[in-house]
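Visitor: Residue-level listing of the chains:
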Amino acid sequence: MENRFESVEHVRDGLKKVHYLSDDGIAGVVFLAQRLGKPILVEGPAGTGKTQLAKSVAEMLNARLIRLQCYEGLDESKALYEWNYKKQLLRIQADKNSDSWSQVQDDIFSEEFLLTRPLLEAISSPDPVVLLIDEVDRVEIETEALLLEILSEYQVSIPELGTITAKQIPMVFLTSNNTRELSEALKRRCLFLHIDYPDMEREKAIVLTKVPDITQNLADQIARIVRSIRQLDLKKAPSVSETLDWARTLMLMGIENIDAQEAKDTLHILLKYQTDITKAAKELSVDK
Amino acid sequence: MTVLDLMSGFIVELRKAGLPVSLTENLDAMEAVKEIPIEDRQAFKYALAATLVKSNSHWRAFETIFEVYFSLRGPEHQIPSDMSDAEAELWREEQEMQQQGDGAAGSGGGMDSLTPEEIAQMLMQALMNGDQAMMRALARQSVQRFAGMEPGRPVGGTYYLYRTLRNLDLDNMLDKLMEANRDQAAQELTKLEERLEKDEFESRIEQFKQEVEAEIRRRLVADRGAEAMAKTLRKPLPEDVEFMHANKEEMQSLKKALQPLTRKLAAKLARKRRHGRRGPLDFRATVRSSLSYGGVPADPKFKYPRPSKPELMVVADISGSVAAFARFTLMLVYAIQGQFSKVRSFVFIDGIDEVTDYFKSNVDISDAIHRVNTEADVVWVDGHSDYGHAFEVFWERYGKDINPKTTILLLGDARNNYHAASSWVIKEMQKRGRHVYWLNPEPRSYWNTGDSIVGEYGSFTDGVYECRNLRQLEAFVEKLA
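For the record, the sequence lines run as chains F and R.
Converting from the first sequence to this note's numbering requires adding 34 to each position, the first position being numbered 1.
Converting from the second sequence to this note's numbering requires adding 122 to each position, the first position being numbered 1.
Take the hints with a grain of salt, since some may be wrong.
Calculated lysine-lysine pairs in the BS3-like style (CA-CA distance at most 25 Å, straight line) [as the list claims (entries may be wrong)]:
no.	chain 1	residue 1	chain 2	residue 2
1	F	K221	F	K89
2	F	K298	R	K313
3	R	K386	F	K306
4	R	K377	F	K306
5	F	K269	R	K320
6	F	K112	R	K394
7	F	K89	F	K50
8	F	K270	R	K378
9	R	K378	F	K112
10	F	K298	R	K320
11	F	K270	R	K425
12	R	K357	R	K390
13	F	K269	F	K201
14	F	K221	R	K423
15	F	K221	F	K244
16	F	K50	F	K112
17	F	K270	R	K357
18	R	K425	F	K269
19	F	K306	R	K394
20	R	K378	F	K269
21	R	K378	F	K316
These stretches of chain R come out as covered by chain F in the derived footprint (C-beta under 8 Å, 3 or more residues) [said to hold, decoys possible]:
no.	segment
22	366 to 372
23	378 to 388
Just so you know, these hints were derived from the structure itself, not from any lab.
These numbers were taken from a predicted model, which means no experiment stands behind them.
Virtual Cβ for every residue (Gly too), placed ideally from N, Cα, C.
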C-alpha cells in the first residue's frame, strides 16, 4: 500500500490546512492507522469533533467520504449489500424461453443485480475513499459482527458470488458515544483514539480558525471561561461545537469584552440543563 | 536494552495493572513502534496507547507505566549532575533580576546558596508569568534541594513530594499569587476576571506539581529500576477500586467513572426491555406491510412489549465505614431512575429517615447526597449502627407501602454492634414485597465475623451480593432492572 503520509507532522499540517486543529494524539493515530492499514475507533464526549475528523481527513486526502450512519435495527441489507429482487424478477420474465435455467441462475446472481450499500461500496471503489461508520455503539451487539470481516480483511463475502476484496485499503473511522461497551472483537481490530475536550490553548486556536474576524482577546476570554465552566461538576459540560456557537453569538452581539452579566445572559448557549446554568451563573459571578 | 525487551516488560506490567492486553494487540503495538521512532516520546506514547489501551478509564494507569518504562530512560534522561547550559543561563538571569530587585549584593554563586524562601519567590514569579522553562528548572532544583532523597531508602514517592512541596509553601501559593495579581492590576478586577485568573493559576500550580512528581519518579527509577518502581506505583483501575478503602483521589476517579457507566446502564436496560420478548400481533402494521406482498400477510408485525417497571425502595446504612458505598449506590440508582416506576430511598444509622424528597427530579445528585449526609435525621441514641432498631422503625412507618411490585434493596455491612437483630422485619418484607436483596460492600471472607450478622439477615432475602467495587455494583444493577 502506498504511503499517503510522510510523518506525523505532515498529517498535522494537512489537517490544519482543512481547518481541523489536531493535537499530537490525533495526528499520531491517523498517521499510524494509515501506515498499519487499520481502522480507527474514535471515542469521546459529544461535540468534540469525532465525525469532523473523518470528514477532514477525507478532505485532506481528496478522497470520497462514504458514511454509514448506525442505528438500532441496521442489518446487512442496509450496511453491506442487497440483491435487486425486482430486477432479477424482470430478467427471468424477459426471456422465459430462450435460456436454460442454469444460465439464468448464473446470470441473476452477478454483480449487475447487486445493490451496493456503504460498506461494500467503500471497498469496491477504485478511487481512494474514507469510510465513516458513525455512532457504531447504536447497533446491537450481534450486528457488530457484520463489521468484523470488512474491518480486519477489507473484504466482503457474498455466498452466491464469492469474496470481494478491496481494490484499495480505505481509511476507516468508527465513532462511538460510548453508550454501551463495544465487543472485544471489534476493539481488538481497531486503533483506539479518545478525543477529549481540548485544552485551553487548542480551544482558543479552534475558535480563532472557525470563527472569522474574532479578536485574539475575545477568543482568549472565551477559552478561559469555558475552561472554568468545564471544571464544575455539571450534568453536561459544554462541547467544542457549543463553544463555537457561543463565540459566534458574542460576535453577532458585537461584544468585545465579556463581563459577568453578558456571560450570564448567554450561558444557555453553552449549557443545556437549567440546573447547570444556575450553577455556572452562581460560580462565575459571585464566589471566589 | 533493546526496544523489544523493554516492550515485553512494559506489556507484562500493563497486564499486571489489570489492563486487558490481548496477543493481537501486543503484535499491533510491535508493528506500530516500527513506524514511529522511540526518540519522539509523545508520538511513541500515543502510538502505544492507540494499540494497547482500548478504554479511556485505563489511560491513567497506562500513562504512569509508560512514564516509568520509557519517559525516564535513555541518555537524555540521566540525572544531570549539573544543569544543562540553557538552564544554567536561565538561572543566572533570574538571579540577577532577583538581586537587583532586592538591592542586595548577594554571594552570586551557584543556586545552592539560595534559601528556600528565595526559591519560593522565584517560583512565584515563574508561576505568575507562566514561564514553562523556568518552572521545569525550578521543579528539578527543588527536588534536588528539598526532597532529601537517598539511594536505597525504602520510602515512597509521596513522602518526597510532601517534603518538597512543604518547603516551597505551595499551599499558600495560590493566595499569594492572587494577592500579587490584585496589586499589579491597573484597576479593580471584576469578579469574573478574578475567577478566571484563579483558575489559570490553579492549573499552573498543578502543572508544577506534576513536574515535581515526574522529577521524583525519574530519580526513583534511576535508583530502583523500572520494574520495582512500576510495582509501587501500581494502582487499581477505577472500576476495581474498593468503596470502603478509597482515598480522596480514588473517589474522584470513581465519580468520573460513574457517569458514563450510568449512561451505558440506562441504554442497555432500555434496550433489554424492548427486546425481551415479542408482544402481541400489531394488526395495523401487519396489514400495512402485507400491501407490498400483494395483500398476503407474509410478514407479521408484533407490538413492542411494555413490561411494567419495578418499584424500588433503597434502605441504606450511612454510618462512617460504609457511607461511601451507600453514596455511590444511591447515585447510581438515581441516575437510572427512569428505569424504575418509582424510587424511594431511606437512610439510617441507628435511626431511620426517608430522603426521597432530596432527589426530586432536576436536582443535582451530588447536592442531594450532600443533603442526605447533613440533614437526614438518622441518629437515635449514640450514632452507632443499629440495624435492628432502624428496621423496626422502618416497618412501623413505611411497611404498609410495600406491595407485590416493590423490590427492596438493603445496603450495609450488617455490623450491628451486637444489638438485637430484628430479622423478622426482613422476613415480613420478603413476604409482602417482590424481592429483597442485600448488598454488602465487605469482602465475602469478612462476612459473619465479629459483629457482622449478614448471614442471619441474608437467610430471609432473595440474595446477598458482594459489592466491593463499581464492577460488581454495575453487574448487580443490570440484573435488578
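Visitor: Against each hint, give a clear statement of whether it holds in the structure.
Guide: So, going through the hints one by one against the coordinates:
About 22 Å separates the Cα atoms of K221 of chain F and K89 of chain F, which keeps this hinted pair within 25 Å; it holds. Taking the CA atoms of K298 of chain F and K313 of chain R, the gap is near 13 Å; set against the 25 Å cutoff, the hint holds. Distance restraint check for K386 of chain R and K306 of chain F: the Cα-Cα separation of roughly 21 Å lies within the 25 Å cut-off, and the hinted pair is therefore satisfied. For a cut-off of 25 Å, the pair hint linking K377 of chain R to K306 of chain F stands: about 21 Å separates their Cα positions.
Distance restraint check for K269 of chain F and K320 of chain R: the Cα-Cα separation of roughly 23 Å lies within the 25 Å cut-off, and the hinted pair is therefore satisfied. Between K112 of chain F and K394 of chain R, the direct Cα distance comes to roughly 23 Å. Compliance with the 25 Å bound is thereby established for this hinted pair. A distance of roughly 13 Å separates the Cα atoms of K89 of chain F and K50 of chain F; the hinted pair therefore holds under the 25 Å criterion. The straight-line distance between the Cα atoms of K270 of chain F and K378 of chain R is roughly 13 Å, inside the 25 Å bound, and the hint therefore holds.
At roughly 37 Å between alpha-carbon atoms, K378 of chain R and K112 of chain F are farther apart than 25 Å, so this suggested pair is violated. Note on K298 of chain F and K320 of chain R: the hinted pairing holds, with a Cα-Cα distance of about 19 Å set against a maximum of 25 Å. A hinted pair counts as satisfied when its Cα atoms are at most 25 Å apart, and K270 of chain F with K425 of chain R does not qualify at roughly 34 Å. Of the supplied pair hints, the one linking K357 of chain R and K390 of chain R is violated, its CA atoms being roughly 29 Å apart against a limit of 25 Å.
Under the criterion of a C-alpha separation no larger than 25 Å, the hint pairing K269 of chain F with K201 of chain F is inconsistent with the structure, at around 46 Å. A threshold of 25 Å between alpha carbons decides the hint, and for K221 of chain F with K423 of chain R the separation of about 35 Å lies outside it, so the pair is violated. Distance restraint check for K221 of chain F and K244 of chain F: the Cα-Cα separation of roughly 32 Å exceeds the 25 Å cut-off, and the hinted pair is therefore not satisfied. A distance of roughly 34 Å separates the Cα atoms of K50 of chain F and K112 of chain F; the hinted pair therefore is violated under the 25 Å criterion.
Of the pairs offered as hints, the one joining K270 of chain F and K357 of chain R is violated, with about 28 Å between alpha carbons and a cut-off of 25 Å exceeded. A threshold of 25 Å between alpha carbons decides the hint, and for K425 of chain R with K269 of chain F the separation of about 34 Å lies outside it, so the pair is violated. For the given pair, K306 of chain F sits about 28 Å from K394 of chain R by alpha-carbon distance, which is inconsistent with the 25 Å threshold. Under the criterion of a C-alpha separation no larger than 25 Å, the hint pairing K378 of chain R with K269 of chain F is consistent with the structure, at around 12 Å.
For the hint linking K378 of chain R to K316 of chain F, the alpha-carbon distance of about 23 Å falls within 25 Å, and the restraint holds. A count of 0 residues in the segment 366 to 372 of chain R with a Cβ less than 8 Å from any Cβ of chain F is obtained; the coverage claim is therefore unmet, three being the minimum. By the rule of at least three residues with a Cβ nearer than 8 Å to a Cβ of chain F, the coverage given for the segment 378 to 388 of chain R holds, with 3 such residues.
Violation of the numbered hints given earlier is confined to hints 9, 11, 12, 13, 14, 15, 16, 17, 18, 19 and 22; the remaining hints are satisfied by the structure.
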